[in-house]
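Peer 1: Take a look at the letters that make up each chain.
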Amino acid sequence: MDKFTNHVGVPVPLRRSNVDTDQIIPAVYLKRITRTGFEDGLFAAWRNDPEFVLNKDAWKNGTILIPGPDFGTGSSREHAVWALQNYGFKVVIGSRFGDIFRNNSGKAGLLVAKVEQDVVERLWDWVEANPGTEIEVCLVDRRISLPDGTTYPFEIDDFTRHRLLEGLDDISMTLQHEDAISEYEALRPSFKPKTIPARVAD
Amino acid sequence: MGRTLSDKVWDAHVVRRGSGGEPDLLYIDLHLVHEVTSPQAFDGLRLAGRAVRRPENTLCTEDHNTPTLNILAPIADPVSRAQVETLRRNAEEFGLRIHSLGDRDQGIVHVVGPQLGVTQPGMTIVCGDSHTSTHGAFGALAFGIGTSEVEHVLATQTLPQARPKTMAVTVNGEMPEGVTAKDLVLTLISRVGTGGGQGYIVEYRGSAIEALSMEGRMTICNMSIEWGAKAGMIAPDQKTFDYLKGRPHAPQSAEWDAAVEYWSTLKSDEDAIFDREVVIDAAELAPFVTWGTNPGQGVPLSASVPNPTDFDDPVDRSAAERALEYMDLTAGTPMREIAVDTVFLGSCTNGRIEDLRLAAEVLKGKKIADNLRMLVVPGSARVLIQAEQEGLDRVFIDAGAEWRAAGCSMCLGMNPDQLAPGERSASTSNRNFEGRQGKGGRTHLVSPAVAAATAITGKLSSPADLAAAEN
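So the sequence lines, in the order shown, correspond to chains A and B.
When you line the first sequence up against the numbering used here, it's residues 1 to 202, in that order.
When you line the second sequence up against the numbering used here, it's residues 1 to 471, in that order.
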């Protein structure tokens with residue numbers, strides 16, 4: 001995973017709450033077996049609407065998404081994160097997120113920056129008054145900075161921040177503890193089920 | 001201080017305790033795998049030259065992207081076919097057990113696990129699917145993960161996890177006749193909201209939960225994710241043990257006794273403290289249906305479509321406005337006057353044998369409404385076989401419904417079973433999101449009993465409405 005320290009880009013106001021992962025990318029787009037090419041499915045139903053924010057010149061090249069509360073709820077599909085990344089998004093700023101979406105983002109390198117909903121509202125107002133103007137999101141300082149000097153702190157857990165800053169691979173980190181895994185396995189109760197050899201009913 | 005059920009299961013799986021903000025490393029007892037969220041994970045293993053650490057803790061099946069008609073023919077959509085074939089190839093390459101289309105143990109992953117008996121109390125269970133919470137009905141800690149985490153579990157049989165907070169949902173009293181587990185969980189979600197469980201592992205408890213069958217408990221735990229919970233759990237009891245006894249992968253003889261002894265300790269201590277508690281009186285429950293585009297937007301069947309101005313919170317109000325527009329509904333319309341085009345009975349929420357029996361009881365000797373289609377989709381091939389042995393398939397077919405093969409079907413708009421734009425359904429599935437059942441489709445979430453009665457009248461109805469109309 002690439003290191004993430006800070007990002008400067010165009011913020012996009014998505015004034016909707018409860019944007020579940022089916023809205024981010026409908027199931028019919030989940031048939032690919034790669035991690036790329038999902039940008040066509042991003043917000044597929046809404047992209048047909050010429051008034052949709054990503055169809056506006058000022059925002060269509062945006063890289064920082066600012067949705068309403070409960071973004072990324074529902075299905076566990078990591079394709080939702082890939083679709084955002086494939087489209088070009090690097091950061092999502094919001095007040096509440098689905099747990100699995102937030103986890104997936106951390107693993108895939110999409111920064112999820114958590115702020116209070118009143119900050120989201122202020123950012124929406126500012127972005128709409130300054131369409132297409134870039135802002136900075138700094139992970140090192142956990143801070144969002146507007147060109148007028150206004151700054152807002154954001155929350156992200158220490159561990160995810162550390163991993164993003166260093167670009168660390170989770171699996172390699174875990175495999176450093178392989179001895180501990182083997183020790184644990186040696187002590188597992190024998191009644192725990194094994195799927196192999198397969199047993200089935202008559 | 002006492003520990004909660006989830007504390008006990010969590011603590012029993014800590015491989016390495018995290019310190020200084022680092023998450024715990026949890027051992028995963030069972031990893032369920034399906035075709036949609038796994039191909040990129042297997043690719044990752046190949047790229048890194050890694051094996052699957054514990055094939056014997058892993059089980060694959062095909063469910064999301066599969067047709068429910070002509071299942072033995074090659075899948076017509078080449079992209080879908082490639083995805084399913086990719087899973088088969090990956091299972092072979094990595095030495096994993098797979099139940100493919102046409103196999104008697106194929107089916108929705110969350111139906112297959114319990115029926116094989118590989119879902120047991122006190123386990124950690126994950127799957128690249130948010131409805132993995134279903135398995136919590138057995139007192140397992142079960143949750144959905146993304147594809148990066150699927151790869152992590154395949155490679156290490158563990159997951160780093162930050163410990164969530166705990167919540168109790170206590171449901172005491174007796175549910176009125178005609179009220180099901182589905183009505184209970186839809187009512188709960190409408191009260192706490194779709195984000196109400198974010199950051200919590202939830203334990204459902206109380207006399208009304210204890211009174212539920214294992215299948216009803218699975219329905220409740222299944223929808224934990226619909227209000228944002230990390231996982232939902234129910235303490236195992238004699239019903240749990242009776243359900244498991246004799247299943248193919250249940251422990252046998254002395255192992256069974258050792259297991260039951262351990263399982264019997266899996267309950268929250270009397271003095272355990274939850275971070276939050278929600279209390280529901282079962283006697284107040286009624287058949288419950290959704291009107292909107294998230295599972296929290298629901299009302300009793302006897303109520304009307306709400307007015308957005310009824311909502312104090314501006315976010316809820318604008319969500320209601322959008323939902324009414326999408327659903328093409330007018331505030332004040334009685335729910336019972338809403339006509340549907342399609343009824344879907346199935347899914348990991350309500351596709352088990354008891355769900356089919358309940359619906360068949362309502363439909364027996366009756367016909368579904370003209371111009372309405374009803375899809376009945378067993379949750380697994382085993383459920384299909386059992387239903388056919390009981391003659392339920394004849395009841396559905398005689399009523400005019402379509403009897404299909406097992407899979408996720410119309411729950412998610414990925415396989416051929418979809419709503420057309422503007423089409424309206426009463427669905428026993430778990431999500432009424434915009435376009436969930438097909439682009440432009442409109443979904444009302446209902447119980448199997450309401451689904452069956454609605455199929456007969458053509459409008460949202462309960463079995464009690466049918467009886468009243470006959471008298």
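Don't read these hints as lab results, they were simulated from the structure.
Take these hints with a grain of salt, some might be off.
[To be verified] Facing chain B, according to a computed beta carbon distance under 10 Å, are these residues of chain A, among others: (1) Ala45; (2) Trp46; (3) Lys90; (4) Asp99; (5) Asp148; (6) Thr150; (7) Ile171; (8) Leu175.
[As the list claims (entries may be wrong)] Derived lysine to any residue pairs resembling SDA-like cross-links, with alpha carbons at most 25 Å apart: (9) A/Lys194 to B/Val14; (10) A/Lys194 to B/Arg357; (11) A/Lys194 to B/Glu261; (12) B/Lys239 to B/Arg357; (13) B/Lys439 to A/Ala44; (14) B/Lys165 to B/Pro176; (15) B/Lys245 to B/Ala12; (16) A/Lys194 to B/Ala469; (17) A/Lys194 to B/Asp271.
Each residue gets a CB set at the ideal place from its N, CA and C atoms; glycine is no exception.
Peer 1: Each hint needs a verdict: does it hold in this structure or not?
Peer 2: Here is what the structure says about each hint:
| no. | hint | result |
| --- | --- | --- |
| 1 | Ala45 | holds, 5 Å |
| 2 | Trp46 | holds, 9 Å |
| 3 | Lys90 | violated, 17 Å |
| 4 | Asp99 | holds, 6 Å |
| 5 | Asp148 | violated, 26 Å |
| 6 | Thr150 | violated, 23 Å |
| 7 | Ile171 | holds, 5 Å |
| 8 | Leu175 | holds, 6 Å |
| 9 | A/Lys194 to B/Val14 | holds, 20 Å |
| 10 | A/Lys194 to B/Arg357 | violated, 31 Å |
| 11 | A/Lys194 to B/Glu261 | holds, 19 Å |
| 12 | B/Lys239 to B/Arg357 | holds, 19 Å |
| 13 | B/Lys439 to A/Ala44 | holds, 9 Å |
| 14 | B/Lys165 to B/Pro176 | violated, 32 Å |
| 15 | B/Lys245 to B/Ala12 | holds, 23 Å |
| 16 | A/Lys194 to B/Ala469 | violated, 53 Å |
| 17 | A/Lys194 to B/Asp271 | violated, 35 Å |
Hints 3, 5, 6, 10, 14, 16, 17, counting from the list given before, are not met by this structure.
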